[in-house]
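Participant: Work out the full structure: start from the sequences and follow the hints.
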Amino acid sequence: MEIVLDIISWALLICGGVFCIIGGIGIIRLPDVFTRMHAAGIIDTLGAVAIFMGLMVQAGFTLITVKLALMTIFMMFTNPTATHAVARAALGEGLIPLTYDDEDEDLSDYVLADGELLEPDTNDKEPGPSKT
Amino acid sequence: MFAAAAAAVLVTMGLVLVRAIKGPSVYDRILATSNFGTLTVVLIAIVGFLSGRPEFLDIALVYALINFIGAIAVSKFVQFGGVAHPLGKDDPGDI
Numbered sequence: 001m002e003i004v005l006d007i008i009s010w011a012l013l014i015c016g017g018v019f020c021i022i023g024g025i026g027i028i029r030l031p032d033v034f035t036r037m038h039a040a041g042i043i044d045t046l047g048a049v050a051i052f053m054g055l056m057v058q059a060g061f062t063l064i065t066v067k068l069a070l071m072t073i074f075m076m077f078t079n080p081t082a083t084h085a086v087a088r089a090a091l092g093e094g095l096i097p098l099t100y101d102d103e104d105e106d107l108s109d110y111v112l113a114d115g116e117l118l119e120p121d122t123n124d125k126e127p128g129p130s131k132t
Numbered sequence: 001m002f003a004a005a006a007a008a009v010l011v012t013m014g015l016v017l018v019r020a021i022k023g024p025s026v027y028d029r030i031l032a033t034s035n036f037g038t039l040t041v042v043l044i045a046i047v048g049f050l051s052g053r054p055e056f057l058d059i060a061l062v063y064a065l066i067n068f069i070g071a072i073a074v075s076k077f078v079q080f081g082g083v084a085h086p087l088g089k090d091d092p093g094d095i
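Chain order of the listed sequences is D and A.
Per the working numbering, the first sequence starts with residue 1, numbered consecutively.
Per the working numbering, the second sequence starts with residue 1, numbered consecutively.
These aren't lab readings, by the way, just hints derived from the structure by calculation.
It should be emphasised that the depicted structure is a prediction, and the values quoted were computed from it without experimental measurement.
Glycine included, C-beta positions come from ideal geometry on N, C-alpha and C.
Treat each hint with caution, since some may be false.
Said to hold, decoys possible - Which residues of chain D face chain A? A few of them, derived with a C-beta cut under 7 Å, are:
| hint | residue |
| --- | --- |
| 1 | 10 |
| 2 | 21 |
| 3 | 40 |
| 4 | 42 |
| 5 | 82 |
Facilitator: Below, the structure is given as structure tokens:
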């Protein structure tokens with residue numbers, strides 16, 4: 001019984017670590033602030049919650065498990081709220097999300113709502129079936 | 001196995017810190033800092049288990065609370081130039 005709980009705990013801890021690293025790579029590599037928020041959500045919810053659940057299995061029925069459960073519930077409420085606040089602040093500032101796939105443009109530039117920067121020209125890459 | 005999870009969290013903290021340093025806009029930096037705080041909470045919990053003293057969880061709980069308030073306050077400060085500003089132009093908000 002002990003070894004079963006240990007295996008479950010280790011699996012959850014490894015899953016949490018792998019999801020954390022995936023989210024970190026996404027934060028480095030994704031092109032836009034809004035897409036980076038998606039990667040940040042992986043770290044905030046999946047990675048942290050999996051690691052906390054692994055620690056909970058390791059701790060057993062003690063006060064430590066109660067504290068870990070409180071932290072898990074609190075983080076699952078507050079981290080999406082914080083990400084939503086940052087996204088709303090970014091939208092209010094004038095950053096608009098990248099919604100088109102363009103390999104020629106430098107995707108690390110940002111599109112301002114009133115600027116001419118990175119205006120998508122869809123003349124030659126219309127995805128509909130009328131062009132081709 | 002705690003050491004492996006702690007190592008993964010440390011690697012992720014490094015990656016997030018790279019984004020916080022070179023982020024093009026201030027929102028990248030806010031997002032990366034918030035994520036760094038979350039990873040710090042996880043790391044404190046793991047280190048508490050690793051050293052056999054899970055009483056560190058109280059510190060982690062307080063750090064999670066401060067991290068949430070900080071992320072909200074900094075995003076509001078950057079957007080409006082002040083923390084006590086209402087959210088909308090005409091809407092006075094619930095202050």
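Participant: Take the hints in turn and mark each one as holding or not.
Facilitator: Each hint tested on the structure:
no.: 1; hint: 10; result: holds (5 Å)
no.: 2; hint: 21; result: holds (6 Å)
no.: 3; hint: 40; result: holds (5 Å)
no.: 4; hint: 42; result: violated (10 Å)
no.: 5; hint: 82; result: holds (4 Å)
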